[in-house]
Amino acid sequence: MKILVCIKQVPDMESRFKVNADGVWYDERDLAFRMNEYDEYAVEQAVRIKEQLGGAADITILSIGPARVVEAIKKGMAMGGDRGVHVKDDSLAQRDPWQLASTIAAFARSKNFDLIFTGMQSQDRGSTQVGAILAELLGYACATTLIGFELNGDVVTARRELEGGVKAIVRFRLPAVVTCQLGLNTPRYPTLPNIMKVRQKELLAFPVADFLTEESLTITEKMYLPEKKGRARVLEGDVSQLADQLLAILKEKTTVLR
Amino acid sequence: MKTLLICEYRQGKLLDVSYELLAFAERLGADKAMLLIGDESQAPKFGGKVYLADAGKYGEYNPDAHKQIVLEAARREQADLIVFVHSSYGWDLAPQVAASLRCAQVSEIVGVVESKFEVAACNAKLRRIATPKTPQAALTIQAGAFGYRGEAQGTPQIERIEIPAGPARIEFVGYEAAEKKELDLAKADVIVSAGRGVGKKDNVTAIAALAKALGGELGATRPVVDAGWVEHSHQVGSTGQVVSPKLYVACGVSGAIHHLAGMKNSEFIVAINKDKDAPIGEVADVLVVADVMQLVPALTAKLAK
Ligand SMILES: Cc1cc2nc3c(=O)[nH]c(=O)nc-3n(C[C@H](O)[C@H](O)[C@H](O)COP(=O)(O)OP(=O)(O)OC[C@H]3O[C@@H](n4cnc5c(N)ncnc54)[C@H](O)[C@@H]3O)c2cc1C
Ligand SMILES: Nc1ncnc2c1ncn2[C@@H]1O[C@H](COP(=O)(O)O)[C@@H](O)[C@H]1O
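Keeping their order, the protein sequence lines are chains S and V. For reference, each letter of the first sequence is one residue, going 106 to 363 in this note's numbering. For reference, each letter of the second sequence is one residue, going 11 to 315 in this note's numbering.
Treat the hints with care, as some may be off.
For lysine-lysine, the following BS3-like pairs were computed, each having C-alpha atoms within a straight-line distance of at most 27 angstroms [what the hints assert, rightly or not]:
#, chain 1, residue 1, chain 2, residue 2
1, S, Lys272, V, Lys284
2, S, Lys334, V, Lys126
3, V, Lys197, S, Lys356
4, S, Lys356, V, Lys284
5, V, Lys77, V, Lys55
Not the full set, but computed from the structure, chain V residues with beta-carbon under 8 angstroms of chain S [to be verified]:
#, residue
6, Glu50
7, Ser51
8, Pro73
9, Ala109
10, Gln115
11, Asn133
12, Phe182
13, Tyr185
14, Lys222
15, Asp236
16, Ser248
17, Ala300
These are calculated hints, taken from the structure and not from any lab test. All figures in this text were calculated on a predicted structure; none of them were measured in a lab. Note that beta-carbon positions come from the ideal geometry of N, C-alpha and C, so glycine has one too.
Could you put together the complete structure from these sequences and hints?
In structure tokens:
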């Protein structure tokens, strides 16, 4: 079983964001980066399949981006990936989902992956597109927003999360692209011995030009901070005083303390 | 400009969210036609053209067939914009449609600014203007962003679509109903919710204690439920419960769109967060900048007096 897991490295969402000098993306300076949350579920599911098959699977962890993304690839390898692929691209912010999916498709096309995992969305761009476009480009079956996954031979039975608590059960044959939703599994923390093992694993690097031949189809014209609606009254300071202040507000503005 | 608006249909029913597509097209001042893959009895109340394909024949969920039907309707309509709701249906199908047309896609549009599409980035901390470079584009719009006012009216002119049978790579096995909720949060006057910022499972006790002291119930965000810290019946949000209590206290909750969808209509909202910029501040009446595990026990202690 050949498995590809596509991961993105994204800023910690608790960061304070600033717009960059061009005004079209966020300023990357002073940001801490980590693996896209949804992609952790993707890596975990791939590793679980390998365990289910008694090790008879080979997992490639791929990420497109600048040098920093190697950290996320290494985390995926420490979680159980067999090999890392870094597609080096210093212009990641300008790429649209079509280009990212085309790049991954060009890498994957000759390699006959049985199963490709992506997150359902990236936390920064949040396009919810790369996985489904990739499936279309490779002619693979595509199942999105999975919260359940079961492999039997070459047949997958999966649960898709719909709105309002309803789920759909779907079944499909490999090869397939699947996109992972929060709660699909419980992603493991890499253990120290497994972190040590990463050094012995293969980490390949390619310039993006090896795979990217497509122009972008959408552009970000502008990025900006949302207008503060200024509804919230902000309280700061000493905890005990804050508690008193808050209780006074609740007494005045709500009926729950009466 | 011509829009083709793709209706949402599930378990034999047209979903109301379909009408938000009309509101969006009106915001753009564009021509409108709709596509329903469903039953004719469920055709939207819309006084324009509705392309209709029979879900009895093609299935409610069958991406291969639905893609062909959307492409056929877009071709007949000569649509510039093919518009979906950003939902489990829309984000599944729109990229596949866009990729087969090699056209641009803009996802989860939250606004129209000078006729351009505005989308959110980085957990709603940023916005961007995303613009298609191709003449045709597929779009998904955020449910709730464009609203829909008034009763729908009008009788559609139906035009049927049939497509040749093709392979269906995804077999739809069936729906699994929503779990029965043993806890009806909608009845609570006060809800105190635990977000990931509470740090660990053991700390949830302190949040529950505050809920009790205020005579309310414990709520939770999705990651807290996924991690097994709190039962699913307590989840608030688009895939949990929708609530509007007199008081909602969000403890260590960032305020992601999917969480806001479940609580933004609460009468009074207090957020406790160490991040002054957390998007929950957009809907909160009071944002207390503090460590939740320091402030919450202090509040509970003062209430006990
Ligand atoms: C299709 C879909 C459906 C979804 N449905 C739901 C849903 O129904 N409900 C839901 O909640 N989510 C839902 N989500 C997930 C949602 O997008 C967010 O991921 C989630 O709401 C974030 O939860 P959180 O605020 O607890 O965590 P985070 O976003 O990680 O935020 C944690 C917050 O805690 C603060 N914090 C950290 N430490 C402290 C401290 N010591 N003191 C005070 N504050 C602290 C941080 O500043 C941050 O703001 C859905 C997502 C998708 C894609
Ligand atoms: N730069 C990237 N490198 C590798 N995979 C990516 C990249 N960007 C997005 N993906 C994958 O595509 C998924 C969806 O991203 P998006 O379409 O941006 O919401 C992510 O969860 C990743 O699995």
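Point to revise | Hints that the structure is at odds with (numbers, increasing) | key: Violated: hints 1, 6, 7, 14.
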